Amino acid sequence: MIDVKNLTKRYGKNIAIENLNFTVNKNEIVGFLGPNGAGKTTTMNIITGYIAPSFGDVLINNINIIDSPIKAKKIIGYLPDNPPLYPDMKVIEYLNFVNELKNAHANKNQIKEIIERLKISDVTEKLIRNLSKGYRQRVGLAQALIGNPEVLILDEPTSGLDPKQIIEMRNLIVSLKSDHTILLSSHILSEINAIADRVIIINKGKIVADNTPSQLSKNLMHGKKIIVRIRGNEKNILPNIEKNPKFKCIDVKKNVEPNCIDIVIENKNIEFDLREQFFNFAVENKLILIMMKPFDMSLEEVFLQVTDENQIDCEIEKTDEEQNNSDNQKNNESENKEVE
Amino acid sequence: MLAVLKKELLSYFNCLSGYVFLTFFIFISALYFSFINIFQALPDYQYVISNTTIMFLIIIPLLTMKLYSEEAKNKTDQLLFTAPVSITKITLGKYFAAVILFLFALILTTIFPIVLSFYASLPVAQIFGTYLGYFLLGACFISVGIFISALSENQIAVSISTFAIIFLFYVLDSFALNLPTGKISSAIFILCLIILLSYLIYNRTKNFFVPLICFVIGLLSLIVAYFFDLNIFDSAIYKILSWFSLLSHFNNFGNGILNLSDIVYYVSFIILFLFLTVNTIEKRRW
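Chains A and B supply the protein sequences, listed in that same order. Sequential numbering from 1 applies to the first sequence in my numbering. Sequential numbering from 1 applies to the second sequence in my numbering.
No lab work stands behind these hints, which were simulated from the structure alone. Quantities reported herein were computed from a predicted structural model and do not represent experimental measurements. Fair warning: there could be bad hints in the mix.
[Stated by the list, open to error] DMTMM-like, lysine to aspartate or glutamate: derived pairs with alpha carbons at most 20 Å apart:
1. B:K283 with A:D67
2. B:K73 with A:D88
3. B:K6 with A:E125
4. B:K283 with A:D57
5. B:K75 with A:E93
6. B:K6 with A:E93
7. B:K75 with A:D88
8. A:K71 with A:D3
9. B:K89 with A:D67
10. A:K71 with B:E282
11. B:K6 with A:E100
12. A:K74 with A:E150
13. B:K75 with A:D81
14. B:K6 with A:D88
[Claimed, not checked] Which bits of chain A does chain B cover? Going by a derived footprint, with three or more residues having C-beta under 8 Å, they are:
15. 40-52
16. 88-95
17. 98-105
Yeah, the Cβ is synthetic: ideal placement off N, Cα and C, and Gly gets one too.
With the hints as constraints, model all of the structure from the sequences given.
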């Protein structure tokens, strides 16, 4: 639905984004993450046709936004980081104006439906300048929904909302998934984790990770760590584990449960499945294994790891081979550029 | 385009600027009407219109300063430029909103000559011609205003610049009269114009060859003209500057002469500035 190909934006000598390649499939919610100044808003502005790229193409439903902007813009609804509202207009005037501007031909009922869906019916006669940040954000989203565009680009849709509104907005976005393709950016990682099917992390204008949130954390761990809970005395258990050459113990937590210890175990040899090995080890040593689970990183940790300058080069294995290939190409190209 | 036009017209009356503009316009027109037609008992209403052209210095910035700069400041341009509407249509919508408000004010002032017609026989052709010229002149200044408004998001800077540019148009005639009329100075002036034009083309296209070709052609024509027909350089500076003068074209209308070339001149001027406006916004996107 959204195809971004070799997208580059330069401001003089500064490179805002460089050689971005990604795809958002139909009815998918993709989270766009990155530290401040990473190029998220620039990318979204280019996708929506607000600014033009220096190089590269954006295809919306196979329509190039640069070649046929009017056609492509018809299927995009955009909520920028600052909702584009006219403070001197009433909410209903504003929504009617957007309807006319987009030539969306939405009738009164359709606008009413959007108003009800976003719970702004009690402010429709108010001037936008008198609205709170939360209401402004919702009016901004209502504007994006007018004309029922297939693609929604939402730049930090939950910023400025209170916790209850954040949950409502989250549910709303998920409910839009059935008939929309959504690309949203956010600083709140738990939010992306909760609603996005896939996460793209960019840093300094380059994509550093592109995968599902769960796969992302697993890949970063390389499946190397597990956490196990064993009943028994620490003194009897730990020396046994440390003696074993196949894995090592990196963290121990005592008394999580009475008479139990939690141990984080790392695989020394990545070729073997750590879970199987540890299970066999536990049987051999007659350890009472109460719990075993992969030690996944939270999205926060993934984010920090992939956006950390020293860690950018760390390999992120992708389950999808195509993604792997495209990434290789991308790395080669950027290396070539550096050589030039 | 209609959506933008409606929104702009509405916004003039949502904030004070529309009311301030109408009040000011009608008050000053009424003042001149009283002085000229009532106190001096003259039936020539066209003098009232001609005299009120000075108002453009104030009313044009009032009408145009917020057209684009407010959008840029409130970031609402993101809505306009990501909507499935071309920038040309958005610009036309904004331009015509200002022109319609101006025309509305102008229509309101027709009450003065109508009242006057009960007491005297009026020079109808001249009044009608002056109204047409006045409208076209205002429409030209509005196109300049919208262009300047697209340059900056600071409304104060925009209104002062609009005022300054319109002021420059007013003094252009008397300014041109005081410039040297010699042939060499004229040739140098034309050379400067050619360089300026070439630079502008280079600045817009970032292409080196087109402006170079323009410069070479311009320079060659200048040299050929200089050696073959020196007389065309006689007070050329004045001729060129007065060609740019919007007001000298207006004077024809005031004399009751409806010259097609004047109308074409004004319309071309408007199209040029609207084109520059669209071009400026397009360029900012890249």
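Status of each hint after checking the structure:
Restraint check for K283 of chain B and D67 of chain A: the C-alpha separation of about 16 Å stays at or below 20 Å, so the hint holds. At roughly 14 Å between alpha-carbon atoms, K73 of chain B and D88 of chain A fall within 20 Å of each other, so this suggested pair holds. Restraint check for K6 of chain B and E125 of chain A: the C-alpha separation of about 19 Å stays at or below 20 Å, so the hint holds. Straight-line distance between C-alpha atoms of K283 of chain B and D57 of chain A comes to about 18 Å, which keeps the hinted pair within the 20 Å bound.
Proposed proximity of K75 of chain B and E93 of chain A is supported: the alpha carbons are some 18 Å apart, at most 20 Å. Restraint check: the Cα-Cα separation between K6 of chain B and E93 of chain A comes to about 11 Å, which is no more than 20 Å; the hinted pair holds. With a CA separation close to 14 Å, the supplied pair K75 of chain B and D88 of chain A stays within the 20 Å bound. Our distance criterion of 20 Å between C-alpha atoms is met by K71 of chain A and D3 of chain A, whose separation comes to about 16 Å.
A threshold of 20 Å between alpha carbons decides the hint, and for K89 of chain B with D67 of chain A the separation of about 18 Å falls inside it, so the pair holds. Of the supplied pair hints, the one linking K71 of chain A and E282 of chain B holds, its CA atoms being roughly 18 Å apart against a limit of 20 Å. Only pairs whose Cα atoms come within 20 Å are accepted, and K6 of chain B paired with E100 of chain A is accepted, the gap being roughly 10 Å. For a cut-off of 20 Å, the pair hint linking K74 of chain A to E150 of chain A stands: about 9 Å separates their Cα positions.
For a cut-off of 20 Å, the pair hint linking K75 of chain B to D81 of chain A stands: about 10 Å separates their Cα positions. For the proposed pair K6 of chain B and D88 of chain A, the alpha carbon gap of about 14 Å is at most 20 Å, so the pair holds. Counting residues of the segment 40-52 of chain A whose beta carbon lies closer than 8 Å to any beta carbon of chain B gives 6, which reaches the threshold of three, so the coverage claim holds. A count of 3 residues in the segment 88-95 of chain A with a Cβ less than 8 Å from any Cβ of chain B is obtained; the coverage claim is therefore met, three being the minimum.
Look at the segment 98-105 of chain A against chain B: 5 of its residues bring a Cβ nearer than 8 Å to a Cβ of that chain, three or more, so the hint holds.
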